[in-house]
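Asks: Here the structure of chain S is known, so what remains is to put chain H in place on it, guided by the hints.
Here are the chains, one letter per residue:
2 protein chains.
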Amino acid sequence: MALIVQKYGGTSVGTPERIKNVARRVAKFKAQGHQVVVAVSAMSGETNRLIALAKEIQSEPDPRELDVIVSTGEQVTIGLLAMALKEQGLKAKSYTGDQVKILTDSAFTKARIISIDEQNIRADLDNDCVVVVAGFQGVDEHGNITTLGRGGSDTTGVALAAALKADECQIYTDVDGVYTTDPRVVPEARRLKSITFEEMLEMASLGSKVLQIRSVEFAGKYKVKLRVLSSFLEEPGEGTLITFEEDNKMEQAIISGIAFNRDEAKITVIGVPDKPGIAYQILGPVSDANIDVDMIIQNVGTDGSTDFSFTVNRSEFTKAMDILKNQVQPHIGARNVVGDNKTAKVSVVGVGMRSHVGIASKMFRTLAEEGINLQMISTSEIKISVVIDEKYLELAVRVLHKAFDLDQEDA
Amino acid sequence: MALIVQKYGGTSVGTPERIKNVARRVAKFKAQGHQVVVAVSAMSGETNRLIALAKEIQSEPDPRELDVIVSTGEQVTIGLLAMALKEQGLKAKSYTGDQVKILTDSAFTKARIISIDEQNIRADLDNDCVVVVAGFQGVDEHGNITTLGRGGSDTTGVALAAALKADECQIYTDVDGVYTTDPRVVPEARRLKSITFEEMLEMASLGSKVLQIRSVEFAGKYKVKLRVLSSFLEEPGEGTLITFEEDNKMEQAIISGIAFNRDEAKITVIGVPDKPGIAYQILGPVSDANIDVDMIIQNVGTDGSTDFSFTVNRSEFTKAMDILKNQVQPHIGARNVVGDNKTAKVSVVGVGMRSHVGIASKMFRTLAEEGINLQMISTSEIKISVVIDEKYLELAVRVLHKAFDLDQEDA
Chain S
1 MALIVQKYGG TSVGTPERIK NVARRVAKFK AQGHQVVVAV SAMSGETNRL IALAKEIQSE
61 PDPRELDVIV STGEQVTIGL LAMALKEQGL KAKSYTGDQV KILTDSAFTK ARIISIDEQN
121 IRADLDNDCV VVVAGFQGVD EHGNITTLGR GGSDTTGVAL AAALKADECQ IYTDVDGVYT
181 TDPRVVPEAR RLKSITFEEM LEMASLGSKV LQIRSVEFAG KYKVKLRVLS SFLEEPGEGT
241 LITFEEDNKM EQAIISGIAF NRDEAKITVI GVPDKPGIAY QILGPVSDAN IDVDMIIQNV
301 GTDGSTDFSF TVNRSEFTKA MDILKNQVQP HIGARNVVGD NKTAKVSVVG VGMRSHVGIA
361 SKMFRTLAEE GINLQMISTS EIKISVVIDE KYLELAVRVL HKAFDLDQED A
Chain H
1 MALIVQKYGG TSVGTPERIK NVARRVAKFK AQGHQVVVAV SAMSGETNRL IALAKEIQSE
61 PDPRELDVIV STGEQVTIGL LAMALKEQGL KAKSYTGDQV KILTDSAFTK ARIISIDEQN
121 IRADLDNDCV VVVAGFQGVD EHGNITTLGR GGSDTTGVAL AAALKADECQ IYTDVDGVYT
181 TDPRVVPEAR RLKSITFEEM LEMASLGSKV LQIRSVEFAG KYKVKLRVLS SFLEEPGEGT
241 LITFEEDNKM EQAIISGIAF NRDEAKITVI GVPDKPGIAY QILGPVSDAN IDVDMIIQNV
301 GTDGSTDFSF TVNRSEFTKA MDILKNQVQP HIGARNVVGD NKTAKVSVVG VGMRSHVGIA
361 SKMFRTLAEE GINLQMISTS EIKISVVIDE KYLELAVRVL HKAFDLDQED A
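Residue numbers (UniProt numbering), protein chains in the order written: chain S, 1 to 411; chain H, 1 to 411.
By construction, these hints were calculated from the structure, which means they are not laboratory data.
This list has only true hints and no planted wrong ones.
Same chains, same names: a pair is fine if it fits in one copy or spans any two.
Below are the DSSO-like pairs computed for lysine-lysine, each with C-alpha atoms no more than 30 Å apart in a straight line:
no.	residue 1	residue 2
1	Lys55	Lys101
2	Lys91	Lys101
3	Lys319	Lys86
4	Lys91	Lys110
5	Lys86	Lys325
6	Lys319	Lys91
7	Lys362	Lys342
8	Lys20	Lys319
9	Lys319	Lys110
10	Lys223	Lys30
11	Lys225	Lys101
Bound conformation, chain S alone (with noise of 0.2 Å):
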């Protein structure tokens, strides 16, 4: 008997048959002896719903009134989801994420959490009920209802996993794992049968958008075995199995993917004095607004100047770039400071990568080839990231998952 948290994301529970599609699934589960707790998002279109109702009273919504309107989506599925599970002649109970209590910081919309209370969790599961829980959403110390931002359900459902002391975290998703490029834009894109935490968190945050990286950071914490499963298939197969071990594989790929990420917005701040504590001065104020920065990259200047670039999430762009013209470059004192909000960042991810030479010029020479300009470039030990004009993005893509020979099985 193993315990098991599976995850359902927006597709997964869209319409009333999917609901019950899925209490099938998790009914094959109970049936096999398993403790299984379920954690779900909306149904497909409910946040944006929710979302677009609240934009028709306020263009700029309030964050508390607005996590209070869109946590109501996953209550609704939670609902459905008991409901149905009684319908297949199990015991189940749903579970807001105040009444877990999923603790959250009171950072509304994109809140983190800080604790579970799995005990009535326990007791449910003890006495051969389903638990159902709400996906992206939690309570802060003062009672107020907070979500975790887009994707939080994974979270939520890795972060159950590491409370109970679950035995894996199944999130089941559109695909029915992990490619080594979007299969969108590279049709011979294969599934990975594993993948290394490591490379998963770079896939993840450089945009492959199928799991969360906040989910695969509090798997990788809390040690969580993780797997990506799809929830259309009839016999989900095996999915990608996330694993801590690299040195599993007899052999090592060099490279395990292709990621990218479309949403991305370069900002430089020119001619910035070089000297210490320049760089919290110009993030400071960024961090402060709830903005995340991702790349980070600062020459050494010459002339006792330097310029500083970084990007943020397209969507903040405009937020970013009002906070260091108005705030950052009076202050510190800085030339200018230029946007570009038609880039896009391409990174081939692996773990191989650590013991072979040579990975950076082959990827910068298959773009070169292209005539593909790089105006950004960010390495880490297991993957390289270039920022490039938007419009080469598929190209750029497409080139390097051949270079790299990921379309080869026995790549």
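Replies: Coordinates of chain H only, in the frame set by chain S:
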């Protein structure tokens, strides 16, 4: 400065535009220096949509899970209204029933309020904040979400007014007050400037549908000044005040109105042994099944047995019949159980009838002249009710409204 509780029903908050109108109305009261608490229903149609969704999963939805789902309707409204109030430049904060906390019993889908913790609300009011509370919902001692049943938002409004010792509870609805009868049936129906609690109680319970009966009971019990107003008129006027002191009226009208209820079903237990405790043995199991019983009639038996009749809401007819036939009849040894769910109830209501004779005979004569047969008769100090074939309902209401001169301003 007064403390006012306002309650807005589903049609009053049916669209974003109407929610903005509500916010403007609240802003007027704030501008006059009042403290305002607003209780709201779900946007019109929303509760039915959610129930329909639940029924796609379970034809008879699990009550606990149904409450989890249905309570989201009001939760969306409170968020939207709080936003609209902020757009008006006001401080505003939303509360779910759980957040308040509105403690109820655990009778899912028809819970009763046990207590309201008004401390946080009062702190917000003192901080110049408009408080927006989700109507219709609460939380039981175990933290389960409950709903108060249809129309329960009125009860929330009155209960909040009682807990906060508010100066007035204003129920905004789609009519501009309480009428002598339903204007859709009798166009000559007039708005009453005031009505006593006792009359209102009879009017509401008999199906006038302006206010939910429990809210009126609550208002009477806690001496809450209750006023019914239109939420659609630019200037809502004075509506109808519900008073305690019947002698406030200079000249008491004999009859205040004609109430009626279409959703009545009649059940008769035939050949009941005429001995003490039999009424409890019949109605106990019905009540245990949470079925509300309305009229109850028992004739004195002549041959050691008697017939026992009562009415229930038509939607619970099948369930009640089932209990009576399978549990009650064999247990008490009754001869038969018969039912009729094509009945309706018509009542004349008025505190004035206490000091007048001949009201009953006038009512019966009026109906007899139209050839309407009376299946059950029940009287109280301030009302006389009859159960008739439902096809005569409109006719009965019209002729009684005229017979008691309710269309005359000085009636």
